[in-house]
Amino acid sequence: MRIRRNPSAASRAAVRIRPCRPGEELALLAVFQSSVRGLASRDYTPEQIEAWAPSATSDEFRRQWVARIRSNRPHVAELRGEPAAFADLQASGYIDQFFVAAEFAGRGVGAALMRHLLETARSRNIACLSSHVSLTAQPFFRRFGFRLEKEQSPVLWGVALRNGVMTRRLD
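All residue numbers for the sequence shown refer to the working numbering, where the first residue is 1 and numbers rise by one.
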């Protein structure tokens with residue numbers, strides 16, 4: 001299944017990349033939920049989706065989410081002043097999270113964010129990027145020069161979720 005580009009006003013709007021702002025962690029949770037539930041559902045079962053992005057989030061889940069976002073310090077891609085996607089880049093070159101809200105898929109938001117990560121990595125003299133990439137996102141990462149190193153099936157809440165370790169050299 002391929003996401004079709006929609007030439008709407010939102011798709012023509014300028015994407016702005018900026019650091020995550022304090023207090024918008026739960027807005028990024030909504031982006032994450034939209035991405036997993038709206039895009040990854042074509043490659044994963046309902047049980048896998050629920051383990052990955054629970055529909056009912058507990059206070060503890062939200063606390064852990066906020067702590068993870070604050071620790072990862074992601075970059076946010078926004079359209080019309082609202083978060084449309086986010087991704088982090090760790091000092092090691094590891095990308096822990098890269099999510100685009102379903103409504104913005106195929107509109108260049110993720111591409112702008114990935115280009116920003118690549119520029120940031122080069123400016124930090126990071127030689128190699130790596131990430132654990134979902135089946136859904138692997139074609140996108142391939143378009144940016146990432147290679148699949150190995151497939152794996154980590155277990156989350158007792159449910160195996162296939163993904164792949166992907167890398168890209170920057171030298």
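The hints are simulated quantities; they were obtained by calculation from the structure and are not laboratory data.
Note that the structure is predicted; figures quoted are calculated from it, not measured.
Hints may contain errors.
Stated by the list, open to error - Label-pair restraints from in silico Cβ distances: (1) Gly158 to Asn125: 27 to 33 Å; (2) Arg37 to Ser123: 32 to 38 Å; (3) Glu119 to Arg162: 14 to 20 Å; (4) Arg147 to Arg115: 16 to 22 Å; (5) Arg142 to Asp59: 18 to 24 Å; (6) Asp59 to Asp171: 20 to 26 Å; (7) Arg73 to Asp171: 23 to 29 Å; (8) Ser130 to Glu82: 28 to 34 Å.
To be verified - Only pairs whose alpha carbons sit at most 20 Å apart, straight line, appear in this in silico SDA-like list of lysine to any residue: (9) Lys150 to Gln138; (10) Lys150 to Gly23; (11) Lys150 to Ala160; (12) Lys150 to Phe140; (13) Lys150 to Val165; (14) Lys150 to Ser130; (15) Lys150 to Arg122; (16) Lys150 to Leu135; (17) Lys150 to Pro139; (18) Lys150 to Gln97; (19) Lys150 to His132; (20) Lys150 to Arg162; (21) Lys150 to Ser123; (22) Lys150 to Asn125; (23) Lys150 to Asn163; (24) Lys150 to Asp96; (25) Lys150 to Gly164; (26) Lys150 to Ser92; (27) Lys150 to Thr167.
The C-beta atom is built at its ideal place from N, Cα and C for all residues, glycine as well.
Here is how each hint holds up against the structure:
no.: 1; hint: Gly158 to Asn125: 27 to 33 Å; verdict: violated (41 Å)
no.: 2; hint: Arg37 to Ser123: 32 to 38 Å; verdict: holds (34 Å)
no.: 3; hint: Glu119 to Arg162: 14 to 20 Å; verdict: violated (30 Å)
no.: 4; hint: Arg147 to Arg115: 16 to 22 Å; verdict: holds (18 Å)
no.: 5; hint: Arg142 to Asp59: 18 to 24 Å; verdict: violated (38 Å)
no.: 6; hint: Asp59 to Asp171: 20 to 26 Å; verdict: violated (45 Å)
no.: 7; hint: Arg73 to Asp171: 23 to 29 Å; verdict: holds (25 Å)
no.: 8; hint: Ser130 to Glu82: 28 to 34 Å; verdict: holds (30 Å)
no.: 9; hint: Lys150 to Gln138; verdict: holds (12 Å)
no.: 10; hint: Lys150 to Gly23; verdict: violated (36 Å)
no.: 11; hint: Lys150 to Ala160; verdict: holds (16 Å)
no.: 12; hint: Lys150 to Phe140; verdict: holds (17 Å)
no.: 13; hint: Lys150 to Val165; verdict: holds (5 Å)
no.: 14; hint: Lys150 to Ser130; verdict: holds (12 Å)
no.: 15; hint: Lys150 to Arg122; verdict: violated (25 Å)
no.: 16; hint: Lys150 to Leu135; verdict: holds (12 Å)
no.: 17; hint: Lys150 to Pro139; verdict: holds (15 Å)
no.: 18; hint: Lys150 to Gln97; verdict: holds (18 Å)
no.: 19; hint: Lys150 to His132; verdict: holds (10 Å)
no.: 20; hint: Lys150 to Arg162; verdict: holds (11 Å)
no.: 21; hint: Lys150 to Ser123; verdict: violated (28 Å)
no.: 22; hint: Lys150 to Asn125; verdict: violated (25 Å)
no.: 23; hint: Lys150 to Asn163; verdict: holds (9 Å)
no.: 24; hint: Lys150 to Asp96; verdict: holds (17 Å)
no.: 25; hint: Lys150 to Gly164; verdict: holds (6 Å)
no.: 26; hint: Lys150 to Ser92; verdict: holds (19 Å)
no.: 27; hint: Lys150 to Thr167; verdict: holds (10 Å)
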